[in-house]
Amino acid sequence: MKRFLRLLRKDLQASLLPMGFLSGITLILMFFTRFKISTGGWPIEAAFASIVMPLVFLPLWLLWQSFQTLRTEWREDTVYTLLVLPVPGWQVMLAKLLAIWIEYTVLLGVTAIGTLLFFAPLVQEAMEILPSVVWALRNGLLLYLIGLALLASVVIFVQLAFVISKMVGRVQGLVAIWTLILSGWLVEKLGVLLEPLFRWMPKLPLHKLFRLDELRQGIVAEWNLAPEMGTWLGILAILVLTSYLFEHYVEVNG
Amino acid sequence: MKIRRMTLAVLALLTLLFVVDVRYFGGDQSSTGQPSIHFNIGPNFSDAAFEKKQTFIQSQDEFTTLAIKGQQGVIHLRSTDDDEIRVISTIGADSQDVLDRLDVRESISESELGYELTGGKSEGQSLQEAEVSFVVEVPAGMEVSVEQHFGQVKIKSFVGFLNLEASFSDVDVWGLEGTATIQNRFGVVDLRQIAGPITLHDSFSTSTIGLAAIDGGYDFDIEVTNGSLKHNAGFKVDIGENRVGARGQWGEGVHPVVIRSNFSTVTVNLDK
Amino acid sequence: MTTTNQVLVVRNLRKKYPKVEALKGIDLTMPQGEIWGLLGPNGSGKSTLLKCIVGLVNPDGGDIEIFGHSRSRHTKAQIAFVPEVENLYRWMTIRQAIDFTSTFYDDWEEERVPGLLAFMGLDPSKKVSSLSKGMRARLKLILALARKAPLLLLDEPFSGIDPASRDRIVEGIVRQFKSEEQTMIISTHAVGDTEQLFDAVVFLDEGTINLQGYAEDLRHQYGKSINDLFKEVFA
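Protein chains in written order, with the working numbering: chain A, 1 to 254; chain B, 1 to 272; chain C, 1 to 235.
One chain only, chain A, in its complex shape (with noise of 0.2 Å):
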């Protein structure tokens, strides 16, 4: 466990730059907006932008940034100790996974404090419009937990994806994207195979689970799992085997 903890570490100390610099253009950006609207300048829609802005970027720049986390090592020559340290390849891969997720949820958590510092009238506002406060941190923190799985499944994605570019040595750059493509569709097929298999699992019916009936919108959304399961486990299988070719077969550059 202490190693693992200080891999984790090592992995958020060395993002510890980006993630100070996109927290701080984040509540610039914001800040800018709100004196823009104040002023007249800009239109109230641009209040959204400035929110939604940060939240459609995030998890882009959480995917460059589980691939960069890898290419650095490499570029680095750091890979160099990584490689010889005696650790499991699970324990290295799932460190980079979990500092991606505190990363997701450090920004996160920061774009709520600038809406709430730049635009608490807002807030205010959707909460009136909405059932109530425990509604909304309910949901809020149900939607941040799928992120938190999606999330995960395409940094497992790109780990593998890398890792396979870094055994292949030549035209790392297309082999990586070439084995995004082949592995997403891997497990996409895995679902459907593996679908009848779970299909005694019920619906998950997520009007309840997000209490879609106090909103008054008429929304009625299921979630049909026995298709899910076969690619979750799917995707769990690649982490494992991403963490194995890691520890045996990987190498650093020749």
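No lab work stands behind these hints: they were computed from the structure.
The reader is advised that the hints may include incorrect statements.
Cut-off 20 Å, straight-line C-alpha distance, at most; resulting in silico cross-link-like pairs (PhoX-like, lysine-lysine) [as the list claims (entries may be wrong)]:
hint : chain 1 : residue 1 : chain 2 : residue 2
1    : C       : Lys76     : C       : Lys19
2    : C       : Lys19     : B       : Lys2
3    : B       : Lys2      : B       : Lys53
4    : C       : Lys24     : B       : Lys2
5    : B       : Lys53     : B       : Lys69
6    : B       : Lys272    : B       : Lys230
7    : B       : Lys230    : A       : Lys36
8    : B       : Lys2      : C       : Lys16
9    : A       : Lys2      : C       : Lys178
10   : B       : Lys69     : B       : Lys52
Given the structure of chain A, go ahead and fit chains B and C onto it with the hints provided.
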């Protein structure tokens, strides 16, 4: 080299399978009929599978006020020259089972006549699984209260007193003689040919108010916080911290135009 | 199977990169308690051999046994490897780099660190990125020597290092090496005054062993210093 060759071989094999899948099975999951991610978001009311119409006709007599509550449908309202109140409601649902449990209820309370959707909750059925639309014709001069959420309101050639409360809705008014009080959130309000006093409270909306040139003129009292204001009434806009205000008269300033807006874009067009 | 005092056994080791065959069947048996010099010009396969032993590259054929075991996480824990490249995290301070490395090895001897830092003339509060190449080489050596690792692999530890740093590194190695517990391989293409370090030498050229033997025997047999022999072999 051995590992490299093996990795390339596995990639090549998967590529072959991928190509076969895309070429011969279209790459989708149609083989099982189950998509990987399956969401049922419904019902889609715009083309609801099951509909029920009800018509209500009342003589105006002692009624001074008509109250209409709608959801997710369209409310059409216009004034007529006769003395009958005509309300045609259409309930839409995605199943007959839901539809059977729903009705538009007529309520009479002293001088107020009201119509709203009922029935779902008492039967354990959520009202949110249905929509209701109204076509309303009222005698000129009557007071009408309209409440609409997640839908549309279309008012044409209305004469009387209008109280409108809307959220997440599009409101279109073309021709209104009388008094209008409008509360709107998260929507688009487009008012044209308004002749008379108007009070508008809106937030997170885009509102356009077209005022007709009438005798007596208008007295403007406009306050927009955290938003923007455009007008052609000719007087100055007062810009403060987080707010834009406008006060002034056009003509004799008889008819008040009061606008309180928050996080919205407001445009006032005056026909001069 | 290795005998108890055989630290490293390499049999018919082969490694091919896309454009070059780096190792063409290397055989080595290394007893405990010695310092071996792995000598050869650039591109002779020295680094690849060490990387194969430590697990940074995978051989295409042959066997490697470290204390009688195939390469694994367990053997990684027994090897202290100093690569030729700059493998340190540049944003870390020297202290952070030491703390980071120490977490992963049970044979870490923290009490040796202050002495090593003082001897190598390094300030632990300094950032790795602010160090000169010589200072970074000294830090890499500290990270290896602060461990009581049974097998130390030093890949070109003197490459591109100023004479002052080189002398200090050589002295550091001599001081810290415990012959009763440790075994060391130093790869270099510049023999010079490091010759006195080696108990035995292996001359590697284009992936094959040219010459191998105990330094004293070779000096006696050829009537030359190892440095002169090196120059003659690779002229």
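Report task. Against the earlier hints, flag every one the structure doesn't satisfy and list their numbers going up. Result -> 1, 3, 9
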